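Taking the hints into account, I'd like the entire structure generated from these sequences.
Protein chains in written order, with the numbering used here: chain R, 1 to 283; chain X, 1 to 395.
Don't take every hint at face value.
Said to hold, decoys possible - Cross-link-like lysine-lysine pairs, in silico, BS3-like; alpha carbons within 27 Å at most:
hint, chain 1, residue 1, chain 2, residue 2
1, R, 234, R, 165
2, R, 221, X, 281
3, X, 234, X, 264
4, X, 234, R, 122
5, R, 221, R, 201
6, R, 63, X, 264
7, R, 165, X, 67
8, R, 35, R, 263
9, R, 122, R, 165
10, R, 165, R, 35
11, R, 35, R, 67
12, X, 264, X, 281
13, R, 35, R, 63
14, R, 201, R, 185
15, X, 264, R, 67
16, X, 8, X, 67
17, R, 67, R, 102
18, R, 102, R, 165
19, X, 281, R, 122
20, R, 35, R, 200
21, R, 63, X, 224
22, R, 102, R, 150
23, R, 63, X, 234
24, R, 222, R, 122
25, R, 35, X, 234
26, R, 100, R, 67
27, R, 234, R, 222
28, R, 35, X, 8
29, R, 67, X, 224
30, X, 264, R, 165
31, R, 263, X, 264
32, R, 201, R, 165
33, R, 102, R, 35
34, R, 63, R, 185
35, R, 234, R, 201
36, R, 35, R, 185
37, R, 35, R, 222
38, X, 264, R, 221
39, R, 222, X, 264
40, R, 122, R, 100
Please keep in mind that the hints were generated in silico from the structure rather than gathered at the bench.
All values reported here derive from a predicted model rather than from experimental measurement.
Below, each chain spelled out in residue letters.
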Amino acid sequence: MSESRFRGTDRYVATDDLMMAVNAAVTLGRPLLVKGEPGTGKTQLAEEVALALNRPFLQWHIKSTTKAQQGLYEYDAVSRLRDSQLGDARVHDIRNYIVKGKLWEAFTTEVQPVLLIDEIDKADIEFPNDLLHELDRMEFFVYETREVVKAHHRPIIIITSNNEKELPDAFLRRCFFHYIRFPDKDTMERIINVHYPNLKKRLLSEALEAFFEIRDVPGLKKRPSTSELLDWIKLLVAEEIPPEALRGDQHKLIPPLYGALLKNEQDVHLFERLLFMSRRKRD
Amino acid sequence: MMTEFFLKLRKAGVPVTLTEFLTLLEALSQRVTAHSIEEFYYLARAALVKDERHYDRFDQVFGAHFKGLETLFDQIVGVKVPVEWLHKLAELTLSEEDKRLIESLGGWEKLMETFAQRLAEQEGRHQGGNKWIGTAGKSPFGAYGYNPEGIRIGQEESRHRQAVKVWDRREFRNLDDTVELGTRNIKIALRRLRRFAREGAAEELDLDDTIRSTARNAGYLELKMVPERHNAVKVLLFLDVGGSMDDHVRVCEELFSAARTEFKHLEYFYFHNMVYEGLWKDNRRRYTEKTETLTVLNTFGHDYKLILVGDATMSPYEISYPGGSVEHFNPEAGDVWMSRLLAAYPRAIWLNPQPQNRWSYVPSIEMVRELMGERMFPLTLEGLEQGIRALQRAR
Numbered sequence: 001m002s003e004s005r006f007r008g009t010d011r012y013v014a015t016d017d018l019m020m021a022v023n024a025a026v027t028l029g030r031p032l033l034v035k036g037e038p039g040t041g042k043t044q045l046a047e048e049v050a051l052a053l054n055r056p057f058l059q060w061h062i063k064s065t066t067k068a069q070q071g072l073y074e075y076d077a078v079s080r081l082r083d084s085q086l087g088d089a090r091v092h093d094i095r096n097y098i099v100k101g102k103l104w105e106a107f108t109t110e111v112q113p114v115l116l117i118d119e120i121d122k123a124d125i126e127f128p129n130d131l132l133h134e135l136d137r138m139e140f141f142v143y144e145t146r147e148v149v150k151a152h153h154r155p156i157i158i159i160t161s162n163n164e165k166e167l168p169d170a171f172l173r174r175c176f177f178h179y180i181r182f183p184d185k186d187t188m189e190r191i192i193n194v195h196y197p198n199l200k201k202r203l204l205s206e207a208l209e210a211f212f213e214i215r216d217v218p219g220l221k222k223r224p225s226t227s228e229l230l231d232w233i234k235l236l237v238a239e240e241i242p243p244e245a246l247r248g249d250q251h252k253l254i255p256p257l258y259g260a261l262l263k264n265e266q267d268v269h270l271f272e273r274l275l276f277m278s279r280r281k282r283d
Numbered sequence: 001m002m003t004e005f006f007l008k009l010r011k012a013g014v015p016v017t018l019t020e021f022l023t024l025l026e027a028l029s030q031r032v033t034a035h036s037i038e039e040f041y042y043l044a045r046a047a048l049v050k051d052e053r054h055y056d057r058f059d060q061v062f063g064a065h066f067k068g069l070e071t072l073f074d075q076i077v078g079v080k081v082p083v084e085w086l087h088k089l090a091e092l093t094l095s096e097e098d099k100r101l102i103e104s105l106g107g108w109e110k111l112m113e114t115f116a117q118r119l120a121e122q123e124g125r126h127q128g129g130n131k132w133i134g135t136a137g138k139s140p141f142g143a144y145g146y147n148p149e150g151i152r153i154g155q156e157e158s159r160h161r162q163a164v165k166v167w168d169r170r171e172f173r174n175l176d177d178t179v180e181l182g183t184r185n186i187k188i189a190l191r192r193l194r195r196f197a198r199e200g201a202a203e204e205l206d207l208d209d210t211i212r213s214t215a216r217n218a219g220y221l222e223l224k225m226v227p228e229r230h231n232a233v234k235v236l237l238f239l240d241v242g243g244s245m246d247d248h249v250r251v252c253e254e255l256f257s258a259a260r261t262e263f264k265h266l267e268y269f270y271f272h273n274m275v276y277e278g279l280w281k282d283n284r285r286r287y288t289e290k291t292e293t294l295t296v297l298n299t300f301g302h303d304y305k306l307i308l309v310g311d312a313t314m315s316p317y318e319i320s321y322p323g324g325s326v327e328h329f330n331p332e333a334g335d336v337w338m339s340r341l342l343a344a345y346p347r348a349i350w351l352n353p354q355p356q357n358r359w360s361y362v363p364s365i366e367m368v369r370e371l372m373g374e375r376m377f378p379l380t381l382e383g384l385e386q387g388i389r390a391l392q393r394a395r
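Structure follows, in structure tokens:
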């Protein structure tokens, strides 16, 4: 076994409180629930934890139609029915038609894996409740074959939520919780350094300045997030935009390639208008 | 000491349960933290608080309970409080009224100056003390009519370079759920109204029924179909426009746009101050293209839920007297129309963008509230949630 404490990776900057939450969840074998603004790296966290601790990584992506049962196993009745009508010999063993879900996979891997349950709030309100027992005891019963599937090791479970639905209290009680805050300027600088180590210092500071300026514009419909900033910087580097261009001269009001940051034409107009007004005041 | 902390948290309204508390103790006994109070703070927060809206309250209790204990721990972060931050924090805590008061006292800059000066004096007199601006009772802001509880700003003063601990920074302040809403939050609140139903053409394979029927059919495949599930809730939204509602345009816009995307069956109409015999759909043509309220009542069935949005701030005559409207001559009084509406739509609420603590000073708000049978809620996230819950309850 390699390192057992998570300290972030060379691709992922973790703040102290995030590291604490991850380590507590890993040590006690409880699920970790992560919330935060979109684009703050919730999903990526699980991948990085798996990478840092050198564990297999399993991802269960939740949609509005996902049922808790699908995470355990599914009984493929239709293909059994078809096989029976075709006279296939496989039909006699029901085991052939049990399709393992992600949770079952996570329970039976050799090494303790990291399981990501992504966007749990997308599913039906009852979804988390249906998983209570399974996450608590780390075992479940397969009715069709009358066997109990028990976890070899309690998997490290990381659950992300976008807050679209409130999660039931009984579920919350069993988790550790962490809210990923929007990074401040210093953390942001570290994040960018991790992704673009060779970025010129001046371009970085100008870009950050412009970015936080945009984020601070009151009344934006959608504020740009970390992942959008990273995309924007990638574009800036690819287009070889000089740092001076970001400062915005008198003729150009809005930073170049703003499409990566502002995703809504009302926001673009609003930003242009505010910028225009502030420039005029300054002159 | 820990148990007391637990009880204090509960008292402060952070919903901590015994299971969570035991989890924390278990984590401590397994030595998840090294010996720094900061790590302990992070651990306690991750284990006990399950909603970012409670972070702020947790920080306050933590700060109060473990004050002074940090000497037991070596590691203390040295972060100074920037003046801008004080500025921002105070801005968040101040109501409109307070801001107006500040203006009359010579403006923001002057006030901040006084504030800083007072702080310096206070420091001088109590050298070395760790005072909390609120609890020390020496808040310079008392004189200006601030609520001292409102501006409890951790350890004070930047120029003394005193350390401010993480919990004292109280960065999660604006996640508390009494603050005004953004569209996304509203959507989430409205989503609670969802009621799924299967209606319309049968398009989905009903696997369970198919299997059951096939088994009953001696093994011959018999397909069964059901209609797709979708949100079947129906909402009528009446919005007050113009006049005193101009101050609340933004929040109403947000509510409206959220409601539009959230409900398939949404009908909206505008009114001014009070509902009378006519409503309109387009504000530019409000005088030419009116829809009769009676037509609305007859068109949309009783299963619609009615949401009225308005500040209900008007002269009482507009509610109780025929001809009281400010815009036209209304043959029947507003309350007559209201009771008709409520009879037609028993599930109705009134959302009021005015702060709740001011309601009792405005007679017309009280009157409307009585008409609505107390189902008036403030237009904040909390109020909206209460309102949605009231809508779901059968009357």
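Each hint, compared with the structure:
no. : hint            : in the structure
1   : 234/R <-> 165/R : violated (34 Å)
2   : 221/R <-> 281/X : holds (25 Å)
3   : 234/X <-> 264/X : holds (8 Å)
4   : 234/X <-> 122/R : holds (22 Å)
5   : 221/R <-> 201/R : violated (31 Å)
6   : 63/R <-> 264/X  : holds (20 Å)
7   : 165/R <-> 67/X  : violated (36 Å)
8   : 35/R <-> 263/R  : holds (22 Å)
9   : 122/R <-> 165/R : holds (8 Å)
10  : 165/R <-> 35/R  : holds (12 Å)
11  : 35/R <-> 67/R   : holds (21 Å)
12  : 264/X <-> 281/X : holds (17 Å)
13  : 35/R <-> 63/R   : holds (17 Å)
14  : 201/R <-> 185/R : holds (14 Å)
15  : 264/X <-> 67/R  : holds (24 Å)
16  : 8/X <-> 67/X    : holds (14 Å)
17  : 67/R <-> 102/R  : holds (12 Å)
18  : 102/R <-> 165/R : holds (23 Å)
19  : 281/X <-> 122/R : violated (34 Å)
20  : 35/R <-> 200/R  : violated (33 Å)
21  : 63/R <-> 224/X  : holds (24 Å)
22  : 102/R <-> 150/R : holds (14 Å)
23  : 63/R <-> 234/X  : holds (25 Å)
24  : 222/R <-> 122/R : holds (20 Å)
25  : 35/R <-> 234/X  : violated (31 Å)
26  : 100/R <-> 67/R  : holds (14 Å)
27  : 234/R <-> 222/R : holds (21 Å)
28  : 35/R <-> 8/X    : holds (25 Å)
29  : 67/R <-> 224/X  : holds (21 Å)
30  : 264/X <-> 165/R : holds (19 Å)
31  : 263/R <-> 264/X : holds (25 Å)
32  : 201/R <-> 165/R : violated (42 Å)
33  : 102/R <-> 35/R  : holds (22 Å)
34  : 63/R <-> 185/R  : violated (34 Å)
35  : 234/R <-> 201/R : holds (15 Å)
36  : 35/R <-> 185/R  : holds (20 Å)
37  : 35/R <-> 222/R  : holds (18 Å)
38  : 264/X <-> 221/R : holds (22 Å)
39  : 222/R <-> 264/X : holds (23 Å)
40  : 122/R <-> 100/R : holds (22 Å)
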